[in-house]
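Chains A and B supply the protein sequences, listed in that same order. Letter by letter, the first sequence follows residues 1 to 209 in the UniProt record's numbering. Letter by letter, the second sequence follows residues 1 to 209 in the UniProt record's numbering.
Quick caveat, the hints were computed from the structure, so don't treat them as lab data. Quick caveat, the model's predicted, so the values are computed rather than measured. Hints are not guaranteed to be accurate.
[Stated by the list, open to error] Calculated lysine-lysine pairs in the BS3-like style (CA-CA distance at most 30 Å, straight line): (1) B:154 x A:62; (2) B:187 x A:144; (3) A:187 x B:62; (4) A:62 x B:114; (5) A:149 x A:133; (6) B:189 x A:154; (7) B:189 x A:144; (8) A:62 x B:4; (9) A:189 x B:114.
Now for the letters of each chain:
Protein chains: 2
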Amino acid sequence: MAPKALILIAQGTEEMEFTITYDVLVRGGIEVQSAFVGSSASAQNSQDPHGSEYVTCSRGVKIVPDLRLPDLAGGKALEEYDAIIVPGGVKGAETISQNDDVAKLLSAFAAKGKVVAAICAGSLAIKSAGIGKDNAITSHPSVKAELEKDYHYKDDRVVIADKLITSRGPGTAFEFALAIVEALAGKEKRVEITDPIILHPAQIQHDQE
Amino acid sequence: MAPKALILIAQGTEEMEFTITYDVLVRGGIEVQSAFVGSSASAQNSQDPHGSEYVTCSRGVKIVPDLRLPDLAGGKALEEYDAIIVPGGVKGAETISQNDDVAKLLSAFAAKGKVVAAICAGSLAIKSAGIGKDNAITSHPSVKAELEKDYHYKDDRVVIADKLITSRGPGTAFEFALAIVEALAGKEKRVEITDPIILHPAQIQHDQE
């Protein structure tokens with residue numbers, strides 16, 4: 001059975017980080033679903049003229065989520081998914097990192113030894129969930145100050161601390177997503193999908209060759 | 001007034017190429033709108049349970065377009081926009097490059113000396129529109145054979161031939177989008193927005209420093 005990953009999305013999520021991660025994971029043979037995080041009030045504001053709900057991302061791209069967080073209540077998320085992923089975008093990451101259900105979900109995933117991944121300001125949700133303390137972590141430089149007291153903060157493009165995978169911003173999202181593919185589907189799969197994406201040679205791990 | 005860009009989208013468009021281009025242009029101070037290309041039959045198939053129309057991209061990300069191509073009939077597109085952009089994704093690029101209205105639009109933009117840009121299989125639309133013949137061009141390697149007879153084909157990550165800007169795939173989309181920002185908003189703007197994106201240093205133009 002294919003590994004499954006859940007990626008969170010909220011009003012103001014960084015659309016490049018969301019989309020690159022979602023797409024690269026699907027290329028890696030992983031079943032991906034997105035879950036909307038937000039109050040029903042904010043969902044109301046996002047209705048389009050035809051009555052459907054979508055997220056307006058940080059630079060205006062409008063994305064329709066696959067699920068809503070309440071659809072996964074009662075331990076469903078933990079049963080079904082092998083990884084949970086938090087994208088950045090200042091406003092989106094704020095909503096996600098201040099949501100209690102997300103905090104519980106992240107700490108349950110971490111406790112079960114499942115992959116927990118965050119990029120950019122999304123790393124703030126790791127801290128809110130109180131997980132991975134003293135582990136190596138990274139984030140967008142703009143929120144470094146909020147993380148460096150509680151974590152072993154690194155300025156690397158992707159930081160892997162066992163099952164905790166963090167990264168810096170839109171420009172590091174390909175490397176972030178490929179690290180998640182490797183964690184869930186193995187290094188061979190990572191190598192297999194890298195070529196058609198046409199990454200810059202400098203972004204390709206040397207141990208792939 | 002801010003420069004304006006129109007980016008096309010169809011069922012099966014590559015969501016990373018679409019989203020990276022859209023987002024980076026907005027970061028560059030460019031007003032961006034997306035226009036759906038397709039038959040009404042295909043739009044029908046994309047209705048979500050709530051009745052709204054969205055595009056299902058190549059790896060399943062669902063995006064709500066800002067406009068539909070017929071909204072821009074009667075020369076509106078040419079009046080309003082300074083650039084037109086075609087993303088890839090095999091199915092999306094097929095739909096876009098086989099659409100007569102798109103071909104007319106692309107050749108009108110080219111005739112007016114406006115920016116025409118395409119990435120990945122999107123470069124096929126350049127050929128369908130019959131523009132830029134004998135100019136330098138690139139595309140995803142998978143469609144190189146369909147282009148190299150009519151164009152001076154290059155394997156570079158981004159190829160700029162006056163106002164015709166082409167590129168190769170999702171992994172080259174940041175460089176592609178930054179080249180469009182430079183063409184529409186100048187080199188200073190390009191440099192200004194590059195840092196927070198956290199590109200790999202090897203992806204940053206040396207002449208920026």
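Do the hints match the structure? See the list:
For a cut-off of 30 Å, the pair hint linking residue 154 of chain B to residue 62 of chain A is broken: about 34 Å separates their Cα positions. Distance check on the hinted pair: residue 187 of chain B and residue 144 of chain A sit about 29 Å apart at the alpha-carbon level, within 30 Å; holds. Only pairs whose Cα atoms come within 30 Å are accepted, and residue 187 of chain A paired with residue 62 of chain B is accepted, the gap being roughly 28 Å. Distance check on the hinted pair: residue 62 of chain A and residue 114 of chain B sit about 27 Å apart at the alpha-carbon level, within 30 Å; holds.
Restraint check: the Cα-Cα separation between residue 149 of chain A and residue 133 of chain A comes to about 10 Å, which is no more than 30 Å; the hinted pair holds. For the given pair, residue 189 of chain B sits about 29 Å from residue 154 of chain A by alpha-carbon distance, which is consistent with the 30 Å threshold. Of the supplied pair hints, the one linking residue 189 of chain B and residue 144 of chain A holds, its CA atoms being roughly 25 Å apart against a limit of 30 Å. Between residue 62 of chain A and residue 4 of chain B the CA atoms are separated by roughly 18 Å; this keeps the pair inside 30 Å, and the hint holds.
Under the criterion of a C-alpha separation no larger than 30 Å, the hint pairing residue 189 of chain A with residue 114 of chain B is inconsistent with the structure, at around 41 Å.
The structure fails hints 1 and 9 (numbered hints given earlier, in ascending order).
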